[in-house]
Amino acid sequence: MRAYIRRALVPAVAISAVLLTGCSSEGDSTDAAPKQEPASEVPIDPADLPEKSPSSSSPEAPVVKAGETKEFGVGETDEYGENYKVTTKMAVTVEEAKYVTPAEVGTTNEPERGQFVRLTLTLKNVGDAPAEIMLYGMMQWEDADTAAQDASTLEGVGEGPELDTTYKPGQSVTGTIVLDVGAKGGTVSYVGTEDPQAKAAFVVELPTS
5 MRAYIRRALV PAVAISAVLL TGCSSEGDST DAAPKQEPAS EVPIDPADLP
55 EKSPSSSSPE APVVKAGETK EFGVGETDEY GENYKVTTKM AVTVEEAKYV
105 TPAEVGTTNE PERGQFVRLT LTLKNVGDAP AEIMLYGMMQ WEDADTAAQD
155 ASTLEGVGEG PELDTTYKPG QSVTGTIVLD VGAKGGTVSY VGTEDPQAKA
205 AFVVELPTS
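Just so we're on the same page, the numbering used here is the position in the sequence shown counted from 1, plus 4.
Treat each hint with caution, since some may be false.
Unchecked claim - Lysine-lysine pairs mimicking PhoX-like chemistry, simulated, CA-CA at most 25 Å apart:
id, residue 1, residue 2
1, Lys-203, Lys-89
2, Lys-188, Lys-203
3, Lys-102, Lys-69
4, Lys-128, Lys-102
5, Lys-93, Lys-69
6, Lys-172, Lys-102
7, Lys-74, Lys-128
8, Lys-93, Lys-188
9, Lys-74, Lys-102
10, Lys-172, Lys-93
11, Lys-188, Lys-89
12, Lys-128, Lys-93
To be verified - Between beta-carbon pairs, the in silico distance windows are:
id, residue 1, residue 2, range
13, Lys-69, Lys-203, 29 to 37 Å
14, Pro-200, Asn-113, 19 to 27 Å
15, Gly-85, Thr-212, 36 to 44 Å
16, Lys-102, Asp-149, 18 to 26 Å
17, Lys-188, Asp-82, 39 to 47 Å
18, Pro-211, Lys-89, 30 to 38 Å
19, Glu-64, Asn-113, 19 to 27 Å
Just so you know, these hints were derived from the structure itself, not from any lab.
Idealized CB from N, CA, C, for every residue including glycine.
Build the full structure now, drawing on both the sequences and the hints.
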C-alpha cells in the first residue's frame, strides 16, 4: 500500500504544475497592455509658423553723413556676456569728414592703407547714465569692394580735445580723429558696442571726394 500511494502522488503533482503554468500564461496575456498605434504625422505649413521678431536690443546702426546728428544706444551685458540692455543714449554729429595729406596731420608717413581721412565729431551724452566711448582701435572702414578693415592710425593722436573718454549725462566733446582708409568713399563703423547682436554702434558715410 505504501508503494502504491507514493506512485500515485507523482502524477497528481505534475498535473497541478501544468495547471498552474497554464493559468499564469493566460493571466499574462490578459493583463498585457494593448499596443498603441503611432500617431499619424500632420504636415505643418511653414506659413502657419510664427515669425521670429528681431531682437529689440540690436537695431540697425544709424548712418551719419557730414552735417547730420544721430543717436545710438550704449549699454552693457551681464557677467556671462549675455542679456544686453541699453543703459544710456549718445548723440553723434559729423561736423566734417575731410581727406587730408600727411603734412596736414603733421607727419611724413604715408598712409598704410591708402588715404588719410580726418573726422571732426561731436559726441554728447543725451541719456541718464554715464557712457564710456573708445574710438581708437574700434573704427572699421569698408566699401562695396573691400571687406571691413581696421582704420586706426596713430597719426594725429593727441591733437585737440580727446573724444575717447567717459561722458556723464549732458556732457559733450568736439574733437577730431584721423583714420587710414583704403580709398575715398565707403563707410567707417564704430564697432565698440557691448551688444553681441549688433555689428556697430554708428556708421559714418564718407564723401567720395
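Consistency of the hints with the structure:
no. : hint                           : verdict
1   : Lys-203 to Lys-89              : holds (15 Å)
2   : Lys-188 to Lys-203             : holds (22 Å)
3   : Lys-102 to Lys-69              : holds (12 Å)
4   : Lys-128 to Lys-102             : holds (21 Å)
5   : Lys-93 to Lys-69               : holds (19 Å)
6   : Lys-172 to Lys-102             : violated (29 Å)
7   : Lys-74 to Lys-128              : holds (11 Å)
8   : Lys-93 to Lys-188              : violated (30 Å)
9   : Lys-74 to Lys-102              : holds (19 Å)
10  : Lys-172 to Lys-93              : holds (11 Å)
11  : Lys-188 to Lys-89              : violated (35 Å)
12  : Lys-128 to Lys-93              : holds (9 Å)
13  : Lys-69 to Lys-203: 29 to 37 Å  : violated (19 Å)
14  : Pro-200 to Asn-113: 19 to 27 Å : violated (36 Å)
15  : Gly-85 to Thr-212: 36 to 44 Å  : holds (38 Å)
16  : Lys-102 to Asp-149: 18 to 26 Å : holds (23 Å)
17  : Lys-188 to Asp-82: 39 to 47 Å  : holds (42 Å)
18  : Pro-211 to Lys-89: 30 to 38 Å  : holds (35 Å)
19  : Glu-64 to Asn-113: 19 to 27 Å  : violated (36 Å)
Hint compliance for this structure: hints 6, 8, 11, 13, 14, 19 are not met, and every other hint is.
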